[in-house]
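Trainee: Whenever a hint applies, use it, and build me the whole structure from the sequences.
Chains as they are written, first to last, in the numbering used here: chain A, 1 to 131; chain B, 1 to 396.
Hints should not be assumed to be uniformly reliable.
Claimed, not checked - Quick look at which bits of chain A chain B covers, simulated, 3 or more residues with Cβ under 8 Å:
id: 1; stretch: 18-24
id: 2; stretch: 57-63
id: 3; stretch: 69-78
id: 4; stretch: 98-106
Quick caveat, the hints were computed from the structure, so don't treat them as lab data.
Backbone N, C-alpha and C fix where the C-beta goes; we use that ideal spot for every residue, glycine too.
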Amino acid sequence: MSFAFKLINREKKLEDCKPLFEDKKYEVQLKKLQEMVKPLAEATETGLIVKSEKCNGCGNCIVVCPVHVEKDPHGAGIGRGPTITDPIYRIENGKLVILNMHACRRYGRNRILCVVCRENCPTDAISFLEG
Amino acid sequence: MICTACSCLCDDVEIVDGKVLNACERGYRHISRYRESRAKPMVEGKEVDVDSAIEAAVELLKSAKSPAIYGLDTSTVEAQKIAVEIAKKLNCYIDDNSSFCLGEFVEAILKKEIPSSTLDDVRDRAYVVIYWGTNPYHSLPRHMSRYAYYPRGAKRQRGYDEDRYLVVIDVRRSEAAKLAKKNAKFIQVDSDLELVDSFMRALEGKAGKYEVASILREMKKADFNVTFGGLGLKYGLRGNFRAFCELLRNINKFAPLYFIPSGFHANMRGFNETLFEAVNAVNSYSFSSAASSPEFAFTELLKRERIDTALIVGTDPIASLPLEASGKLPKLKKILVDPRNTLTSKIAEVVIPSAFSGIESGGEMVRSDGVRVKLKPIAKAEVDDVYVLKRILEGL
Numbered sequence: 001m002s003f004a005f006k007l008i009n010r011e012k013k014l015e016d017c018k019p020l021f022e023d024k025k026y027e028v029q030l031k032k033l034q035e036m037v038k039p040l041a042e043a044t045e046t047g048l049i050v051k052s053e054k055c056n057g058c059g060n061c062i063v064v065c066p067v068h069v070e071k072d073p074h075g076a077g078i079g080r081g082p083t084i085t086d087p088i089y090r091i092e093n094g095k096l097v098i099l100n101m102h103a104c105r106r107y108g109r110n111r112i113l114c115v116v117c118r119e120n121c122p123t124d125a126i127s128f129l130e131g
Numbered sequence: 001m002i003c004t005a006c007s008c009l010c011d012d013v014e015i016v017d018g019k020v021l022n023a024c025e026r027g028y029r030h031i032s033r034y035r036e037s038r039a040k041p042m043v044e045g046k047e048v049d050v051d052s053a054i055e056a057a058v059e060l061l062k063s064a065k066s067p068a069i070y071g072l073d074t075s076t077v078e079a080q081k082i083a084v085e086i087a088k089k090l091n092c093y094i095d096d097n098s099s100f101c102l103g104e105f106v107e108a109i110l111k112k113e114i115p116s117s118t119l120d121d122v123r124d125r126a127y128v129v130i131y132w133g134t135n136p137y138h139s140l141p142r143h144m145s146r147y148a149y150y151p152r153g154a155k156r157q158r159g160y161d162e163d164r165y166l167v168v169i170d171v172r173r174s175e176a177a178k179l180a181k182k183n184a185k186f187i188q189v190d191s192d193l194e195l196v197d198s199f200m201r202a203l204e205g206k207a208g209k210y211e212v213a214s215i216l217r218e219m220k221k222a223d224f225n226v227t228f229g230g231l232g233l234k235y236g237l238r239g240n241f242r243a244f245c246e247l248l249r250n251i252n253k254f255a256p257l258y259f260i261p262s263g264f265h266a267n268m269r270g271f272n273e274t275l276f277e278a279v280n281a282v283n284s285y286s287f288s289s290a291a292s293s294p295e296f297a298f299t300e301l302l303k304r305e306r307i308d309t310a311l312i313v314g315t316d317p318i319a320s321l322p323l324e325a326s327g328k329l330p331k332l333k334k335i336l337v338d339p340r341n342t343l344t345s346k347i348a349e350v351v352i353p354s355a356f357s358g359i360e361s362g363g364e365m366v367r368s369d370g371v372r373v374k375l376k377p378i379a380k381a382e383v384d385d386v387y388v389l390k391r392i393l394e395g396l
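Mentor: Quick look at the structure:
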C-alpha cells in the first residue's frame, strides 16, 4: 500500500519495483498498472489535468481560486485577468494554461484537497487524478 | 485592448509576446484571425479600387426606389450615427439584428419601463443572479466570471457560494445550469409564460406550476438582485412581452430586481441607443413613414418584397437569416460593407471592404448594460465603417 501511495504521489516510479519488470509472471499486472498510471504523466504535481480541447476560456476557475482572491484581490478576485506575475492559472490564446502549480492549495506538505476550479468548470475541462 | 467579440466588451485583454491573454476562446479567435479571408472591393463580381466601389454604391442608392440599411451591430456608435443620417437622407428603412434579437428588452429599458443597472453594480451588489433563457457559456463566455456570479464585489466579499444565489432557467440542462449547485436553483421550463404565472402566483402567496417562492424569499434578503434575459426568454414569451414587464414591476414592489439583456453582438445596444436618440425607436424604423413597426424589420421587408436595394453593414444575412427571408436577397441590389468575405459578399453587387471595429479602428461601443466603452485598436486601417459610410453620405 505504501508503494502505491508513493506511486500516486510520484515519489516512486513503476520502474522502482524491479520484480514487476524482471519476472515474466507479472506481465499482465505490469500492463494493467502501466495503463492505470498513464494519467499521472499528463497530470501536474497536484494531480490536475486540463483538457484544453474542452476549455472555452470562460475563466471561472481563475476567478473562484481562493489563492488568486487572496493574492490578487483587485485582479482575478474581481473577475479580471490575473494582474500578479505568478498566478496559478491564466487564459492564453483562449485556453487555460497552468503557470505556477506550486501556489495551489493542493501542493506541498500542508496540502488540502481543494477542487473549487473543477467544480466550477462548465465543460469538465479540469479534472484531478482522484476524479 | 477591448475585445469586441461579444457584448461583454472585456477591457482586460492583452497581447504579450504574440499571445492573447485573458480573452476567452471566442475572443481569441476574433482577435487572432482578423487578417484571414479579407474582403476585396468588388463591383458586379469584378475587383475594383475602394473609391470605385463606394461610387458604385452611391449610384445604386441614388437610383433605388425603396432602399433599406441593415446590420451595424459590430460597427462603432460613430458609424451607426452616420448610417442613421444616410437613412434619413434616403428617407428609407433602417434596422439591425435586434429586431429578431433582444431589441424589445433594450427598448423597455430605454423607455424606463423596466429597471436596469450596470454590470459593475451587479458585481458589487447583486445577490440573486438569474439567467433566464440564456446560456452565457456560449453567448458571453466570461459573463459569469467577469461580472455576474464569481467575482468578489464591494458588498459581496465572501464569494459566490455564500454571497450569491444563482438561478438558471432554461429548457435544457445547459452548461450554465450545471454550475447551479450550492445556494442555487435550476428550473427546467416547458413554458416561460407558465413560469411568469408561477412567479405572479407566488407573489400572491399561491402555488404555481413551478416552485419559485424560495427564489422570492432569497430576493427579499438583498437590496440588489438581477435577471439576465436572453433569446430563450424572448421567444419563450411568445410575443407576450408585456406579461414579463408586468412581472418585473410586481417583483420590484416586493424586492429590488433589475434586468439586463444578455447575449448579442458587440454593439447591438449601441445601435438601439443611437436610433433611439434620433427617432425614439430602437429598430425596424421607416423614415418615410416616420414610424417603427415590426413590419419594417429587415426580415419582414424581405419576405414582403418591399425593398429593392439594401446597404448591409457588418452582417451576413445569407448565413444568418432563415431561408424564407434570405431567399429573397438575390432579387434585390446589395451593397455590402464588411471586413470579411462572407456568403453575402459572394452575391452582393457591390462589396466595400472595411475594418474590424476594436481591432483596426477605434470609436465607441455600448456594452449590454448600456455602459459606453472607448475602443483601443491594436492596428490601424485606412478604410473603416466610418470612412465608407461618410463617403456614401457625402456622395448622396
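Trainee: Now, for every hint given, state plainly whether the structure supports it.
Mentor: Hints and how they fare:
no.: 1; hint: 18-24; result: violated (count 0)
no.: 2; hint: 57-63; result: holds (count 6)
no.: 3; hint: 69-78; result: holds (count 4)
no.: 4; hint: 98-106; result: violated (count 0)
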